Amino acid sequence: MARLHKEHPEAVAALRDAAIPLADHRAHEPIASAIGDAPLVLLGEATHGTHDFYALRAQVTRALIERHGFTAVAIEGDWPDAWRVNRFVQHTGPDTHAVPALNGFARFPTWMWRNTAVADFIGWLRAHNAAVRAPGQRVGFYGLDLYSLHASMRAVVAYLEERDPAAAAAARHSYACFDQYGPEADTYGWATTRLGHATCEEAVARELVALHERRTALVRGDGVHADDEFFFAEQNARVARNAEQYYRSMFRGRVASWNLRDEHMVETLQELMAHLRRRGQAPKVIVWAHNSHVGDARATDMGREGELNLGQLVRERITPEARLIGFTTHAGTVIAASDWGGEPELKQVRPALPDSVEALFHQTGVPRFFLPLRHGSPAYRVLAEPRLERAIGVVYRPDTERLSHCFNARVAEQFDAIIHLDETGAVDPLPGQLVRDTTEVPETYPSGV
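Heads up: the sequence shown begins at 24 in our numbering, then just goes up one per residue.
The hints are simulated quantities; they were obtained by calculation from the structure and are not laboratory data.
Computed from a prediction, not measured in an experiment: that's the story for all the values here.
We put the CB at the ideal spot given by N, CA and C, even for glycine.
Hints may contain errors.
[Claimed, not checked] FRET-style restraints, in silico, Cβ to Cβ:
no.: 1; residue 1: 274; residue 2: 343; range: 41 to 49 Å
no.: 2; residue 1: 31; residue 2: 155; range: 44 to 52 Å
no.: 3; residue 1: 126; residue 2: 228; range: 13 to 21 Å
no.: 4; residue 1: 275; residue 2: 378; range: 29 to 37 Å
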């Protein structure tokens, strides 16, 4: 570690020279300009509970839609919940206001998508789409995740009940395989993996194939709307198939379940881009997800342990021209839980550890900046060396920060650019979410940390 500290003065100078300061009211402009005509951009976040990340990501996304023709936003959220928002922004659903349109995001962590920054953005997107006369050219909002096993199966049956009652009955019979395990998908995973119960793998695979084979019969009549509704149902059947595998993999180890989840995300992204082409749209997509999904896993400790992720798979399977952009912060506040499924808390983000990339960025003295990482540039060379990087998800345990939230990464290979916001504030959850304030520093600080 001493060698890294010795390099700091030179490293800080190289980063300061390359950093593009971000003015508050025009922060998005240099970022959107650098992305330009890239076919796909992945915008990260260093936490799941920081308002500044969501707000700036929304600003950049608006500019990319308005000036560069991007046609979809895809988030690290469940498919059925995001589809309700999609119908809202495309003027095809019953919701007329942003707050109720986000009510589908009802499971932990609710604050991740039900917050004021997301509500403001989808309100803007609905207004933007109102000026687009052709429904097939409106910008959509989609979910990439796979936690919605039961909700997705219900959605497939509901779709078929309106169009093909016999197929609906067959799907209901197939999906009844899960009934004996109750409403919790992890109970199914435990029973099939640890207790040796028969799996429902064949049932969910069968329904995806059956739905795909009925496409011609089901997609008829009202053009774009019919194709959209079929795509929603087909993707729900795909979620059911992949979620079944995911919940079984949870009990085989973290790497297996992580890889299945991110494999599903890239598969969903590929299917979404194919759907946009059928609509006659350019498949230009903006992804909102955590840095741990957005940055190329091959440049991190996780990659060395066998994990892959969305950023890596996008580069390998979709296009090397995609732009992977990470966000970092030095200190501030965040909303997170202390344990999975716990209540949301307003927490203090500890100042970055001295040997971390965030500490390097802090030492530049530039409070908010965009840092392109052009191959071979001085900034690239500084960040091509392994350094600690912080990741705060929906759980944050500052008392074990180095062990719980830090890993080594070659940031220049992980991302195409970094957005650093030195001091950041927590998201503002929508009404109905009680947040406990735990920001007061205990008397034992720092010895008790």
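Against the structure, the hints come out as follows:
Here the CB-CB span from residue 274 to residue 343 is close to 35 Å, at odds with the stated 41 to 49 Å. Between residue 31 and residue 155, the C-beta spacing of about 50 Å keeps the proposed range 44 to 52 Å intact. Hint check: residue 126 to residue 228, Cβ distance near 32 Å, so the stated range 13 to 21 Å is violated. The hinted window of 29 to 37 Å between residue 275 and residue 378 holds, with their beta carbons roughly 34 Å apart.
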